Each structure stands twice: as structure tokens, then as C-alpha cells.
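As given, the protein sequences belong to chains Y and P, one line each in that order.
Just so you know, the first sequence maps onto residues 1 to 115 in the numbering used here.
Just so you know, the second sequence maps onto residues 116 to 225 in the numbering used here.
Derived from the structure by calculation, the hints contain no laboratory data.
Just so you know, these numbers come straight off a predicted model, no measurement behind them.
Backbone N, C-alpha and C fix where the C-beta goes; we use that ideal spot for every residue, glycine too.
Treat the hints with caution; some may be incorrect.
Part of the chain Y face toward chain P, derived, beta carbon under 7 Å [what the hints assert, rightly or not]:
id, residue
1, 42
2, 43
3, 103
4, 106
5, 109
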Amino acid sequence: GAGVSQSPSNKVTEKGKDVELRCDPISGHTALYWYRQSLGQGLEFLIYFQGNSAPDKSGLPSDRFSAERTGGSVSTLTIQRTQQEDSAVYLCASSLADTSQETQYFGPGTRLLVL
Amino acid sequence: QKEVEQNSGPLSVPEGAIASLNCTYSDRGSQSFFWYRQYSGKSPELIMFIYSNGDKEDGRFTAQLNKASQYVSLLIRDSQPSDSATYLCAVKTSYDKVIFGPGTSLSVIP
Chain Y
1 GAGVSQSPSN
11 KVTEKGKDVE
21 LRCDPISGHT
31 ALYWYRQSLG
41 QGLEFLIYFQ
51 GNSAPDKSGL
61 PSDRFSAERT
71 GGSVSTLTIQ
81 RTQQEDSAVY
91 LCASSLADTS
101 QETQYFGPGT
111 RLLVL
Chain P
116 QKEVEQNSGP
126 LSVPEGAIAS
136 LNCTYSDRGS
146 QSFFWYRQYS
156 GKSPELIMFI
166 YSNGDKEDGR
176 FTAQLNKASQ
186 YVSLLIRDSQ
196 PSDSATYLCA
206 VKTSYDKVIF
216 GPGTSLSVIP
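Isolated chain P (complex conformation) (with noise of 0.2 Å):
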């Protein structure tokens, strides 16, 4: 089993709509969650962080921890096309390191 894992997409969506990501991870211990997003050709850069059980928003991101089900998602309200790019999640583990999983690839559609 991988330690941290999504669907790879790619996520089509239409312009206006909500975009749901989602990610599972193995390590019940694990301490705190991230969604960086990575344009194409681009460095991924962090959006949204939750350590949290519950929901964490910031704009039209919103970051939802459950730990019972090790399962983070993201959701992103009213999709523009500038949001089209791949969202990684990442998940800071009981012993300390920063997983990240394979990305899922969002395109939001005009």
C-alpha cells in the first residue's frame, strides 16, 4: 500500500463548478496535511495546510481533514480555468518526513 494516495485524473470540471480532490494515507499518526498545486513546467507551491479535524477555508479553497478515515480532501468552489493544474497532497508522518502523493490533474473547462 502506498503511504499517501490519489486519483490521478485527470479531473475535468466546468468553469463555475466545484472541483473535489481527494487523498488517503496509511500512517494513522501522521500530524498534519498539505495541497500544494504545481502549473505545468512550474514548482509546486503550497495552498492550503489542515491539521485539524474538520474543515479549513480559505477563499473558494476548502480543506476537509478526517482521521478516522485518513482520508483529506480539497475542494475548490467556483472552478476557473486558472485553476487548471495538478494538485498534489502531502502528509507530514508520525515519524516525521513529508509524503507526497502522485497528483491529481485538474482541468476546469471554459
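Just chain Y, with the same shape it has in the complex (with noise of 0.2 Å):
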């Protein structure tokens, strides 16, 4: 079956410029999370979705990213004026969260380089 995607998987952008990442779900699954991972580094929350409810963004780094899931399906994260400190791996997962396993199935990541 169809794991979750993400797009694109490379992305080279010079500073200052906005960047989009695209993450496609497993379908059916109503958490969805965007992670950060720098070279070496562990993973860094950034935001969750679940259901209908509000996000949780506490782990957005600056006002210059932000994430928005449409219909409960694909999400977009969104990175404004990009600075080279935003260089890194993008990590989306999805999971069934309203299970006490909740596993969560990692994307292939979507690699940023800000020039």
C-alpha cells in the first residue's frame, strides 16, 4: 500500500526565498506531524495536526514557517524568507493517533538547502 509521500525530495533555494514542502499522508490517518532533523542531529518538532482540532505549532522555530493541512489530508509547510540555519532534512509523519499504538510512519523527507 501507499506509504507517505513527500515533495520534493531535494530542494535548493537561495536565502531570503519562500519554500514549500508537501507532505501526502497515509490515507485514513488523522495525526500528522512535520519534523526537523539537521546533519547528525536528532528529530525537531515543528507542528502536529489531529482531526479537526487545532494545531499544535509550539515547536515552529520562528514566524517565518508555518503549516496548514487541507482537508484533513495534505499538508503544506511553509518556510518565508528561508536563511541558511534552515538548511536541513524535513520529516513528515502520519499516524492513526486515536490508538494506544500510535505508530507513526515516517515520509522520505524532503532535503532543503538554502544557498
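Two chains, two frames, some hints: make the complex.
The following block contains the structure:
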């Protein structure tokens, strides 16, 4: 079956440009997470969507970062006025959050490089 | 205090030995506990899940949970070079959010 997909797989942009990263979760999964992972580092939580509840935005590092999830499915993470420190792998994960065994299924990630 | 803590490593063990990975968490009401494995350049994948106190075994992997001590561990028996990866502990907290630890890098030496 189809897993979590993300696009683009790689993105190179110039400092100051805006970028949009897309995540297609597994069909039927109610929860969707965005993480950022810098080289050799752990997962940095960014934002969490669960059903129709207000998203948990507590991990967004600045107001240049925003995300939305349309129709409870596809999600877009937008980074405005990109900075070099935004360079990282951006991972999306989805899960069936209403179970105790909330296994997160990760997408392949988008590798963002800001020049 | 960070919500989920792990030793960053790197942890090196010889092939065939037992690798022991540890994780502590701060939210006493946490419900479920997960171990993910992440190979270099790849995304994390789930290898073990546990929610009851005690041990849970799956092949060469054993997860151990002690809720009173707020401690969860992963044992890998007969370690293989293919086990070399970063192991991420994750906790589903009492407020229904999954928090990841920073990960422990494991290297199995042939």
C-alpha cells in the first residue's frame, strides 16, 4: 500500500526565497507531524495536526514557518524568507492517533539547502 | 528537564554482544513507548512498541519498561553490523503527543 510521500525530495533555494514542502499522509491517518532534522542531530518537532483540532504549533522556530493541512489530508509546510540555518531534512509522519499504539510512519523527507 | 532523554553515544559493541540502549522520560502519565531505528540518510522506522510494565521480546530485540522509574530500554542480542544505526526513543505523553528523544548512535564492530 502507499506510504507517506513528500515532495520535493530535494530543494535548493537562495537565501530570502520562500519554499513550500508537501506531505501526503497515509489515507485515513488522523494525525500528521512535521519534524526537522539537521545533519547528525535528532528529530526537532515542528507542528502536529490531529483531526479537526487546532494544530500544536509549539515547535515552529519562528514566524517565518507555517503549515496547513487541507481537508484533513495533505499538508504543506511553508518557510518564508529562508535562511541558511533552515537547511535540514524536513520529515513528515502520519499515524492513527486514536490508538495507544500510535505508530508513526515517516515519509522519505525533503532535503532543503539554502544557499 | 527535557521530556525524553537518551545517551547520545556513540555506543560501540562487538559483533555478537548485547547492546543496551536507555531512555528516560519526564511525564509520569505517559501511555506508550516506542523504539525507532534510523539508518544514516534514511527515515526512522518503528522496531518495538511497549505499553505495559515488564519486558516485550521480538526476535533479537527486547524492550523493557519501568513506569515507576520512568525508564524504558532496548536490548539487542547477538548484535550484528547491520544493527549499526541511530535508535530513537519516543513517548506518547498524557496529553496525546508523541515526543522523540535525541537518539543514541550504535556501532556494531565486526
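Which earlier hints turn out false for this structure, listed by number in ascending order? The structure conflicts with no hint, since it agrees with every one listed earlier.
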